[in-house]
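Given the structure of chain A, go ahead and fit chain B onto it with the hints provided.
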Amino acid sequence: MSSDPLDEIKIVFFQECSELLEELEDGLYAMRDGEETDDTVNAVFRAVHSIKGGAGAFGLDVLVSVSHQFETVLDKVRSNQLETDPDLLDLFMRSADKLQDLVQAAKDGRDPDASECDELVVALKAYESPGEAAPPPAAPAAAAPDENGFQVAPLDLDFGLDDDPTPAAGNWQVTFTPHVDLYQRGNDCCRLIGILIEMGATNVRLTTDTAPIWSELPAETPFMAWHAELPSDVPEADIREVFEFVEDDCDLKVEAAAAQAGADDMGFTPTKLDILGDDEVEFTPMKLDIDLDTPADTPAAEPEIEAKAEPEAESKKNEKVETAKPVAAAPPKRVEPKAEAKSEASSTIRVDLNRVDRLINLIGELVINQSMLAQGFQSLSMPVNQQLTDGLNDLRQLTRDIQDSVMAIRAQPIKPLFRRMSRIVRESGEATGKKVQLVTEGEGTEIDKTIIERLSDPLTHMIRNAVDHGLEGPEKRIESGKEDTGTVRLTAVHRSGRVVIEVADDGAGINRKKVREIAVEKGLISDDAELTDSEIDHLLFMPGFSTAKEVSNLSGRGVGMDVVKRSIQNLGGRVSIESEPGKGSVFTISLPLTLAVMDGMIVRVEDQLMVVSLSEIIETIRPSATAIQHLTPTQSVILVRGEYVPVIDVGYELGVRPRLTDAGDGVVLLSETEAGERSALLLDGILDQRQVVIKGLEDNYGDVPGVAAVTILGDGNIALILDVDGLLRLSEQSRLSSAA
Amino acid sequence: MTEPTELSTSNSVKCIAFDLGEHEFCVDIMAVKEIRGWSKPTPLPHSPAYVCGAINLRGTVLPIIDFAMRMGLPPTEPDENYVTIILEVGSQVFGIVVDAVSDIVTLDFDTMQRPPELEASVEQSCLLGIIARDDSMMRVINTNHLFPRQVAAAA
Numbered sequence: 000m001s002s003d004p005l006d007e008i009k010i011v012f013f014q015e016c017s018e019l020l021e022e023l024e025d026g027l028y029a030m031r032d033g034e035e036t037d038d039t040v041n042a043v044f045r046a047v048h049s050i051k052g053g054a055g056a057f058g059l060d061v062l063v064s065v066s067h068q069f070e071t072v073l074d075k076v077r078s079n080q081l082e083t084d085p086d087l088l089d090l091f092m093r094s095a096d097k098l099q100d101l102v103q104a105a106k107d108g109r110d111p112d113a114s115e116c117d118e119l120v121v122a123l124k125a126y127e128s129p130g131e132a133a134p135p136p137a138a139p140a141a142a143a144p145d146e147n148g149f150q151v152a153p154l155d156l157d158f159g160l161d162d163d164p165t166p167a168a169g170n171w172q173v174t175f176t177p178h179v180d181l182y183q184r185g186n187d188c189c190r191l192i193g194i195l196i197e198m199g200a201t202n203v204r205l206t207t208d209t210a211p212i213w214s215e216l217p218a219e220t221p222f223m224a225w226h227a228e229l230p231s232d233v234p235e236a237d238i239r240e241v242f243e244f245v246e247d248d249c250d251l252k253v254e255a256a257a258a259q260a261g262a263d264d265m266g267f268t269p270t271k272l273d274i275l276g277d278d279e280v281e282f283t284p285m286k287l288d289i290d291l292d293t294p295a296d297t298p299a300a301e302p303e304i305e306a307k308a309e310p311e312a313e314s315k316k317n318e319k320v321e322t323a324k325p326v327a328a329a330p331p332k333r334v335e336p337k338a339e340a341k342s343e344a345s346s347t348i349r350v351d352l353n354r355v356d357r358l359i360n361l362i363g364e365l366v367i368n369q370s371m372l373a374q375g376f377q378s379l380s381m382p383v384n385q386q387l388t389d390g391l392n393d394l395r396q397l398t399r400d401i402q403d404s405v406m407a408i409r410a411q412p413i414k415p416l417f418r419r420m421s422r423i424v425r426e427s428g429e430a431t432g433k434k435v436q437l438v439t440e441g442e443g444t445e446i447d448k449t450i451i452e453r454l455s456d457p458l459t460h461m462i463r464n465a466v467d468h469g470l471e472g473p474e475k476r477i478e479s480g481k482e483d484t485g486t487v488r489l490t491a492v493h494r495s496g497r498v499v500i501e502v503a504d505d506g507a508g509i510n511r512k513k514v515r516e517i518a519v520e521k522g523l524i525s526d527d528a529e530l531t532d533s534e535i536d537h538l539l540f541m542p543g544f545s546t547a548k549e550v551s552n553l554s555g556r557g558v559g560m561d562v563v564k565r566s567i568q569n570l571g572g573r574v575s576i577e578s579e580p581g582k583g584s585v586f587t588i589s590l591p592l593t594l595a596v597m598d599g600m601i602v603r604v605e606d607q608l609m610v611v612s613l614s615e616i617i618e619t620i621r622p623s624a625t626a627i628q629h630l631t632p633t634q635s636v637i638l639v640r641g642e643y644v645p646v647i648d649v650g651y652e653l654g655v656r657p658r659l660t661d662a663g664d665g666v667v668l669l670s671e672t673e674a675g676e677r678s679a680l681l682l683d684g685i686l687d688q689r690q691v692v693i694k695g696l697e698d699n700y701g702d703v704p705g706v707a708a709v710t711i712l713g714d715g716n717i718a719l720i721l722d723v724d725g726l727l728r729l730s731e732q733s734r735l736s737s738a739a
Numbered sequence: 000m001t002e003p004t005e006l007s008t009s010n011s012v013k014c015i016a017f018d019l020g021e022h023e024f025c026v027d028i029m030a031v032k033e034i035r036g037w038s039k040p041t042p043l044p045h046s047p048a049y050v051c052g053a054i055n056l057r058g059t060v061l062p063i064i065d066f067a068m069r070m071g072l073p074p075t076e077p078d079e080n081y082v083t084i085i086l087e088v089g090s091q092v093f094g095i096v097v098d099a100v101s102d103i104v105t106l107d108f109d110t111m112q113r114p115p116e117l118e119a120s121v122e123q124s125c126l127l128g129i130i131a132r133d134d135s136m137m138r139v140i141n142t143n144h145l146f147p148r149q150v151a152a153a154a
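These protein sequences, in sequence, are chains A and B.
Numbering that gives the first Met the number 0 numbers the first residue of the first sequence as 0 and each following residue consecutively.
Numbering that gives the first Met the number 0 numbers the first residue of the second sequence as 0 and each following residue consecutively.
These aren't lab readings, by the way, just hints derived from the structure by calculation.
Watch out, some of these pointers could steer you wrong.
[What the hints assert, rightly or not] In silico SDA-like pairs for lysine to any residue, Cα to Cα no more than 20 Å straight-line:
#  : chain 1 : residue 1 : chain 2 : residue 2
1  : B       : Lys-39    : A       : Gly-654
2  : B       : Lys-39    : A       : Arg-603
3  : A       : Lys-694   : B       : Thr-59
4  : B       : Lys-39    : A       : Ala-718
5  : B       : Lys-39    : A       : Leu-372
6  : A       : Lys-694   : B       : Gly-52
7  : B       : Lys-39    : A       : Asn-368
8  : B       : Lys-13    : B       : Glu-33
9  : A       : Lys-694   : B       : Lys-39
10 : A       : Lys-694   : B       : Arg-57
11 : A       : Lys-694   : B       : Ser-90
12 : A       : Lys-694   : A       : Arg-399
13 : B       : Lys-39    : A       : Asp-606
14 : B       : Lys-32    : A       : Asn-360
15 : A       : Lys-513   : B       : Arg-57
16 : B       : Lys-32    : A       : Ala-718
17 : A       : Lys-694   : B       : Lys-13
18 : B       : Lys-39    : A       : Asn-716
19 : A       : Lys-694   : B       : His-45
20 : B       : Lys-39    : A       : Asp-714
21 : A       : Lys-124   : A       : Ser-78
[Stated by the list, open to error] Derived coverage of chain A by chain B (criterion: at least 3 residues anywhere in the stretch with Cβ under 8 Å from a Cβ of chain B; other residues may be distant):
#  : stretch
22 : 85-94
23 : 182-195
24 : 691-704
Source: prediction; values computed, not measured.
All C-beta atoms in this analysis are idealised placements derived from N, C-alpha and C, irrespective of residue type, glycine included.
Only chain A is shown next, with the shape it has when bound in the complex (with noise of 0.2 Å):
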């Protein structure tokens, strides 16, 4: 971590820059569901208000120049100046994905790609209406309270921006002056207020009038009073049901309206505009909430400040007056939707994850002692004792409600991972010419946060084929009677302990005849060989193997299918397709929930105890003592329903004994490999199935080749995890060697 304080703060800024982006998104595919309403509108205009601001500060003037204008034509919309169309919302798209990529460059500390940039601003220039003069970006939002209450109005509720605060006649003037035993019993001025607020109250002031110099303040008593003004049609008898409680522990004073004069109050509202004074552009909710979640200490524990601010405060304060004006006659059923977006912040924290996989870790020990504790009492011998007993099974489920607990920490809903695949669809829609569109389905489904960023790049991959090799153009689509726009459906579900995640399009589906000629070309199978059609489906994930005729820029340079195959299973994954000529394709993606964690299976291994991957074994065999056929001394195979499966001794190849001669005593994994070759690993034994915790070898040691991780069992020892390609290719080389 750099020490560099601007660096912290950058750091903070790009945080909330991609929660920002992904609100935005978030936002613009509601408008383009359809499902647009002020408040969707309302967060599309702050993320991007919010973005812009935070990039002044930083000085990235290209991120500045597009969110600006980005920024007044969505005011535009807004103020239902402009009304949106498809094509303005694929501006809108665009640019969002534009500010995204500005914001990964400076976080990058790239320079700018300022192309599409001058393109972008134009697009949304043209925009702005003409005729109109062109207003800067932060009038509208001064000029529009209504529609943009949901930021400002919170401000004027806090202390009566107002410049004179005289009430209009018969509204009800509220006087609350809590006692120190309302705050010793707990009670919190601020909610009350805020209960007064919702029910409309306006120049809601502070005063400190009574307060003795700084020196003599004695710090425990208090010598504040709030002023509140609410409408006259509000009953008083609402007013006072709302200090029903507080009732004997402060003075309240509910009037109809008598002038006072506010302006002299003590109140803090002033020096907050001259923080805020310089540039209307600061009213972003960010600041607001500050001001919410303040004002009850502020007041008390400066109050000689905050008088002392308030001269310099003051010609400041005028020049805030018609922006404050209207805010101030915003009407109060604007706060609600406010209210609701801070309970809603306030509800996640931000926590660097190398905490929670400390945590994690720690936990993972916790369940190994816990089960060394319970062995530990077992092999005591001693007498039942019920209470012991019971607080056993109590600690075993406690430590194993902490750990799912601990887990759903790490779990993240995969919606950001589909919202970036809808850019994907975009783009690579734009770049083939094809029309496309995006159904997503399951974007709450909760995955590992790791498994989540290396999904991105197969994922990618998957849909750039989906588009580019799957979906025909939109003439062909006609011509075979299906809509010129081509779906791709991207969904996830969680299925017995797993994620699934389907990538489908409504394209020709696979050319089987195609993919078979250019895997015999290619050398990948014979010419004579019987596939099924799935098997010849499955031919894509052989590497080397691409069905494009040319090498296009999104995808087809052969690399393709496999990689995404490989990297799917180093997540402990598996992908497999389904395809119907003409209907489309099927690409289906299955995910453990959590790479901490993995179901394994304990085998034997001479004395030892080693785990293999459940989603790498297909089936157990206990073979006859002949089933195993020695063809060299070195290379045996067993025969499978028919077919004959390299047989790899793990005993042997992990150098822990020599190699077995009798296969009846063994058992005998079958395993697929990546290339989708079977293969068969002979065991001693196999002894049990469970979740285990993986723990990476590399950190302290290094890699071992046909050793994945290793995990740590109920009494503490340590378990090797083998990683059947790397024993697969050990036994080759142990073969090669011995031929050598």
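Chain B alone, transformed into the frame defined by chain A:
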């Protein structure tokens, strides 16, 4: 010549002294993470002979080295009476099996003599130097060379 252990030679250094047969060794105390009783490690396939295997130290998987074999002595056949010293070198954590930990000593590294370079074998590169102490000879081990990174790949 930039190993951190050598940089600290300008003054006295606190070391953990341990026994191996009748030999006395010591290691900079700053490199020692903890000392624990011996527990049976899980053998790692295809590892150099001096790697006994890996153990689980509260969730961290770390390799264990037979220190005697690393120094070219006959292999240890450890039991519960033996001791594992857990060392942290850079970001790498590993353990060495020794007969017993004897003392914490303060050594003046200025008096350290470089090992004779007659035989620049592996065993010697694991020695930082020798310090004469009363009537015995204290071998200071070079933790940086004790367990080369990616030892598995090299083997």
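For each hint, the structure was consulted:
Restraint check for Lys-39/B and Gly-654/A: the C-alpha separation of about 18 Å stays at or below 20 Å, so the hint holds. This hinted pair checks out: Lys-39/B and Arg-603/A have alpha carbons roughly 17 Å apart, not beyond 20 Å. The suggested pairing of Lys-694/A with Thr-59/B holds, with an alpha-carbon distance near 8 Å, which does not exceed 20 Å. Taking the CA atoms of Lys-39/B and Ala-718/A, the gap is about 12 Å. The hint holds against a cut of 20 Å.
Simply put, Lys-39/B and Leu-372/A have alpha-carbon atoms about 19 Å apart, close enough for the 20 Å limit, and the pair holds. Distance check on the hinted pair: Lys-694/A and Gly-52/B sit about 15 Å apart at the alpha-carbon level, within 20 Å; holds. Distance hint between Lys-39/B and Asn-368/A is fulfilled; the C-alpha atoms sit about 17 Å from each other, no more than 20 Å. A hinted pair counts as satisfied when its Cα atoms are at most 20 Å apart, and Lys-13/B with Glu-33/B qualifies at roughly 15 Å.
Restraint check: the Cα-Cα separation between Lys-694/A and Lys-39/B comes to about 18 Å, which is no more than 20 Å; the hinted pair holds. For the given pair, Lys-694/A sits about 12 Å from Arg-57/B by alpha-carbon distance, which is consistent with the 20 Å threshold. Restraint check for Lys-694/A and Ser-90/B: satisfied, since their Cα atoms lie roughly 16 Å apart, inside the 20 Å limit. For a cut-off of 20 Å, the pair hint linking Lys-694/A to Arg-399/A stands: about 19 Å separates their Cα positions.
For the suggested pair Lys-39/B and Asp-606/A, the alpha carbons sit about 13 Å apart, so the restraint of at most 20 Å is met. Distance restraint check for Lys-32/B and Asn-360/A: the Cα-Cα separation of roughly 19 Å lies within the 20 Å cut-off, and the hinted pair is therefore satisfied. For a cut-off of 20 Å, the pair hint linking Lys-513/A to Arg-57/B is broken: about 56 Å separates their Cα positions. Using a Cα cut-off of 20 Å, the hinted pair Lys-32/B and Ala-718/A is violated, with the two alpha carbons roughly 24 Å apart.
With a C-alpha separation of about 34 Å, the suggested pair Lys-694/A and Lys-13/B falls outside the 20 Å cut-off, and the hint is violated. Between Lys-39/B and Asn-716/A, the direct Cα distance comes to roughly 8 Å. Compliance with the 20 Å bound is thereby established for this hinted pair. Proposed proximity of Lys-694/A and His-45/B is supported: the alpha carbons are some 19 Å apart, at most 20 Å. About 12 Å separates the Cα atoms of Lys-39/B and Asp-714/A, which keeps this hinted pair within 20 Å; it holds.
About 17 Å separates the Cα atoms of Lys-124/A and Ser-78/A, which keeps this hinted pair within 20 Å; it holds. Only residues whose C-beta sits within less than 8 Å of a C-beta in chain B count toward coverage, and the stretch 85-94 of chain A has 0 of them, not enough to reach three; the restraint is violated. Counting residues of the stretch 182-195 of chain A whose beta-carbon sits less than 8 Å from any beta-carbon of chain B gives 0, not enough to reach three: the coverage restraint is violated. With 10 residues having a Cβ less than 8 Å from any Cβ of chain B, the stretch 691-704 of chain A passes the three-residue criterion, so the hint holds.
Hints 15, 16, 17, 22, 23 from the list above are not met by this structure, while the remaining hints are.
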